[in-house]
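Let's have the full structure, built from the sequences with the hints guiding it.
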Amino acid sequence: MEARVKAGIWVSMALRLADIAGRSGAVLRKGDPDSGGILCILRGREGLVVLGQVRDAEGRPAWLRGTGAMPVDEATTDAYVARQVKRDPDLWVVEFDAPDLKPPFEGKLL
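Under full-length UniProt numbering, the first residue of the sequence shown is numbered 1, with each subsequent residue one higher.
Everything labelled a hint here was simulated from the structure, so no lab data went into it. Don't take every hint at face value.
What the hints assert, rightly or not - What follows is a list of derived Cβ distance ranges for each label pair:
no.	residue 1	residue 2	range
1	L109	I20	18 to 26 Å
2	A21	K86	29 to 37 Å
3	M13	L110	19 to 27 Å
4	P33	A82	16 to 24 Å
5	D73	I9	13 to 21 Å
What the hints assert, rightly or not - Simulated crosslink set (BS3-like; lysine-lysine; CA at most 30 Å straight-line):
no.	residue 1	residue 2
6	K108	K86
7	K108	K6
8	K86	K102
9	K86	K30
10	K108	K30
11	K102	K30
12	K6	K102
13	K30	K6
Predicted, not measured: the structure shown is a model, and the values here were computed from it. Using N, Cα and C, we set each Cβ at its ideal position, and we do this for glycine too.
What follows is the structure, given as structure tokens:
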């Protein structure tokens, strides 16, 4: 069984990696520090993409483009995040400046 990193620690790590890469990042909503899920908003030149934390078929951590393959506008992003927070009040929401729409952290994208 693979050990899971606490959400608060993972968010701190991701923000630090963004800072090292010269990109800004911010916590928009704090969730449960131990077991909360995480949504990452990538703010790019063409729009926004929301990545949601999931597990792949083998149970390994991965990320799913919750708003689809193409960038979306701010209103669509806000509506998606609001629906997810309503379903999971322990959810973290973190936003990163990502002109290329690539996350500042390593992770498998589904």
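Checking against the hints above, which ones are violated?
5
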